[in-house]
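What follows is each chain in one-letter form.
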Amino acid sequence: MRELLDFLGKRSYVLLFIILEAIALSLIINFNAHQKLIFEHNVDVGFSKVKAANQSVSDYFGLRKANSEIMQENASLRSELKIQSYRLSTPDDTTVFRADYRYISARSIQSSIGRADNFLLLDQGSESGIESGDGVVTEDGVIGIVHSVTSDYARVMSCLHRESRISAKLDGQDYNGYVIWRPYDHRFARLMGIPKNARVSVGTKLVTGNSIIFPEGHPVGEVVDVNLEAGSNFYDIKISLSADMSAIQAVYVCRHKDKDQLKMLLGEGSN
Amino acid sequence: MKGILGKYLWQFLLLYFLQTLVFGRLELGLDGMPSFILLIYPLAILILPMRVAKELCLVIGFVLGFLVDLWYQTPGVHAASLTLTAFLRPYVYSLLLDDAEIRHNMNMDRMDLKLSSYIAYMLLMYFIHCLVFFLLQDFTFERFGVALVRSIFSTIFSFIFAFIYRLIILSR
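Residue numbers (the working numbering), protein chains in the order written: chain A, 1 to 271; chain B, 272 to 443.
FYI, nobody ran anything at the bench for these hints, they're computed from the structure. Computed from a prediction, not measured in an experiment: that's the story for all the values here. Among the hints, a few may not be true.
[As the list claims (entries may be wrong)] Pair ranges (Cβ atoms, derived): (1) A/SER58 <-> B/VAL363: 48 to 54 Å; (2) B/GLU298 <-> A/ALA53: 41 to 47 Å; (3) B/GLY295 <-> A/LEU4: 43 to 49 Å.
We treat Cβ as the ideally placed atom computed from N, Cα and C, and that holds for glycine.
Isolated chain A, as found in the complex (with noise of 0.2 Å):
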C-alpha cells in the first residue's frame, strides 16, 4: 500500500494531467454537438467492428451445423438425380425395374480398420428412416451394410468384414462378381466370381452391379493385380478400394424405395 502511494506521489503530475484532460474530455464530448456526433458515431464503428469479429467467430462454430444442413439437402438432391436421369435414360412402358434410391445423411462416430471384422457407427437411426440390410456410401465409394439400428444409430458391416460381401461388376461390362475382403490391408479387397471370358486389365474400374442394396453405377474400387490359376474358371482379382476406409467421415444411407417388395420375391425364391 505503501509502495502504491509511493508510486502515486511521484506520479501525481502525471495522475493530475490525466485527470484534467479525463474531465476536459468527458466535457468535450458530453456538451459539444459537433464532436459528440463524431465520438458516437466511432464509437458505433468500434462496435460494429466487434459485432464484426464476434459474428464472424460464430459463423465459424456455426460450420458445422451448416454443414450437416447441406448434407441433408445434398442427399435429397440426390435422390431427386438418381429418379430424374433414370426417367430420362428409360422409357415409361418399358419399367420393370425402378431405380429408386432414397438417401439419408449421416455422419461416421466411430470406426475401425485394423480388426479381422471392421464394424462402423452411424449417428443417426431408425428415427431417420434406417433400417438394417441399407447400403452405406460416400461419394467416392461404398462403405458396408447397416447391420443393426436403434432410434439413434446405426451399425454398419464395413466392407472390411470377413463376412462381406458386395456385388460389383466391372465398368462397362456386364459380368457380375461380389468383393470379399481379407485381413488385415484397409486398401485392398478382392472379387471374386468374374468368369475368364471376361477382359480383366489392371486399372479397369469397379462399380455396383445388379443389387436391391446398392444404387447400380456406384464406385466400388480399381483392379489392380489380375491372377488366372491354371484350370480355374475364374479370375483372382486383386482390387483397391476407391473409399478411403481409414477417413470416413460423412456417408449416406441409401435404400430401394421398393425394398419390402423385392426382398419378398427374393424370399419366395429361396424357399
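Given chain A, put chain B in place with the hints provided.
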C-alpha cells in the same frame, strides 16, 4: 508562492478579458484560406515563473481554459488544450534551455529568458497549443492538413501579440 500568484492575478484577468471581450469573435483569414484566430490566454500559463509548482500550473491551465470555454460555449476544448500545454511546459524548458538558464529562472519571480530562447519557447508552446486546439475542435484527423495550416497562422499572429505584450510588460 502566494505572492507570486497575487502579482500575476491581474495579468490573468487582463489576458482573459482581452481574449474574451476584445478578440472574442475575431476570426481572421483571406478568402479561400483556412481562417485562424488569435489565442491570447495561453500566455497566462506561458509567462508563469518556473518556481510555480507544475501541478498548480496544470490546475490554473484547466481553470483558465474552462473559463474561456464558458465564453466560447465550447466546454472542454480550451480546457483540454491549455491543460496539455501546461503539462508540456516543463519538458519544453528542458528541451530548449540550457541548465544555467533554467537555474537562473528558478530563482526569479518572473520569466527572464534570452530573446532567442523566448522566441523558440513561445513559438513551440503556441504551436502545440494551437494544433491541439484545432484538432480537438475538429475532433478528427481527417482534416489534419487544414488544422495544421490554421495552427501555423494562429501561432504566428498569437506570437506577434505575445511579443508586443512582452515589450509592454518589460518596459514597466
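Quick rundown of the hints versus the structure:
1. A/SER58 <-> B/VAL363: 48 to 54 Å: 51 Å Cβ-Cβ, so the 48 to 54 Å window holds.
2. B/GLU298 <-> A/ALA53: 41 to 47 Å: holds, 44 Å
3. B/GLY295 <-> A/LEU4: 43 to 49 Å: Taking Cβ atoms as reference, B/GLY295 and A/LEU4 lie about 46 Å apart, which means the hint holds.
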